Amino acid sequence: MASLQELSDRAAIADLLHAYCRCCDLNDPDGIAACFTEDCVADYGPGVGPPASGRATRRAEAARDLQLFDATSHHLSNIVVEFETADRARVQSVLYAWHRPRTGDADWHLHAQYDDVMVRAGAGWLIAERRLLVAGTVGFPDWEWLPIGRA
Amino acid sequence: MASLQELSDRAAIADLLHAYCRCCDLNDPDGIAACFTEDCVADYGPGVGPPASGRATRRAEAARDLQLFDATSHHLSNIVVEFETADRARVQSVLYAWHRPRTGDADWHLHAQYDDVMVRAGAGWLIAERRLLVAGTVGFPDWEWLPIGRA
Amino acid sequence: MASLQELSDRAAIADLLHAYCRCCDLNDPDGIAACFTEDCVADYGPGVGPPASGRATRRAEAARDLQLFDATSHHLSNIVVEFETADRARVQSVLYAWHRPRTGDADWHLHAQYDDVMVRAGAGWLIAERRLLVAGTVGFPDWEWLPIGRA
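Those sequence lines, one after another, are chains V, G and P. According to the numbering used here, numbering within the first sequence proceeds without interruption in unit steps and concludes at 151. According to the numbering used here, numbering within the second sequence proceeds without interruption in unit steps and concludes at 1151. According to the numbering used here, numbering within the third sequence proceeds without interruption in unit steps and concludes at 2151.
Hints are computed from structural coordinates only; laboratory data are not their basis. Please note that the accuracy of each hint is not assured.
So the derived list for chain P, only partly shown, Cβ under 10 angstroms to chain V, looks like this [to be verified]:
#: 1; residue: Gln2005
#: 2; residue: Ala2012
#: 3; residue: Ala2071
#: 4; residue: Arg2100
This one's a predicted model, so the numbers in the text were calculated from it and none came from an experiment. Backbone N, C-alpha and C define an ideal beta-carbon position, used for all residues, glycine too.
Kindly generate the complete structure, drawing on both the sequences and the hints.
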């Protein structure tokens, strides 16, 4: 049976994932940066850019990427938390992200997964490592992504 | 750490949100009304109509709106609960709602958020205030919505 | 108020639903079969085939169906758990499943619900009965489905 601490941490981890999505949809790069550890490593795939290290880089890249759109909506589900220690967890989730490009082009749709390592940091949790794994896209440029590993 | 009471209330609040969605998809205006307090205030944006007060009005408007469609599917995720008191919470969630219009027109897609105030009512929770905030739509008429507040 | 045992079981049941979706997206029929009881009954609707009994049949049908696609993404939300006993629950959830057909045809979209009976099995939970109820589809062949029961 899960402990109260574990269930509480699962809820906090879900809140963090949702805060990240919310900041994306509000075009809030500062809020996005605050979801990551100072020395985080984030890999959104080679089409977006090389893996980025550090909260400041994550902020800059989010600011750059979000201004491509007039609107986005990040629908996050299928959250699975596996604790490696009491203060560190591997967290997988599934994302359907709708994007309306500023160019007026047809909407972009992203069907993907976040494969994260999260760590307890003071009173809360932060994302220490993130990989975006992509099942498929609609409308996006023909970028190279990290695959989900389908057989 | 969250208490057992808080985690239990979070689960009950999620159940209420899901019951609302289920009643939408089943075209059950009575069930929808039962999710709200007697004196609720609901604002689905100026394109849908002026803010509505009271459970009976909510029921009537749901009945009116749902008969526009042959089918809908409300996919709710990103639930975030902030307790203002032990018996009152602000609850945000993200909605992808698919609609098939009765007219035979192309499907309508809604990417939105519920911004709710929920209150403990007897054994359960009810929606006391709701605002529908819209990130974007596909297929819908050019209605005016409440915005999510993207920068 | 929910007990710690109930909240722990709810988390385990959500994990099971997510594991199923993950195995679908990874094209892992063995993993799918492992989500079901040995004597499970699964009904995906007459268009997919007659109700199937047993884990081995479930595995075979998943293997057959998943090879229709180059990619899928199963977005599961709106999980509602009702315990019939401490070891048996009725579980409803809402699915948006995106499919990219191997044929190169336009993407298939499924808006549906899982109506499951789950049972405690040793340390975890397994799906004993499943019905797929369909709100609507886009792109799919004109198969007959089990309806969600909209009024």
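Against the structure, the hints:
1. Hint status for P:Gln2005: holds, given a least beta-carbon distance of 6 angstroms to chain V, under 10 angstroms.
2. Hint status for P:Ala2012 relative to chain V: holds, with the closest Cβ pair at about 8 angstroms, below 10 angstroms.
3. Hint on P:Ala2071 holds. Least Cβ distance to chain V is approximately 4 angstroms, under the 10 angstroms limit.
4. Annotation: interface hint on P:Arg2100 holds; nearest CB of chain V at approximately 5 angstroms, less than 10 angstroms.
Against the hints set out earlier in the document, no violation occurs for any number.
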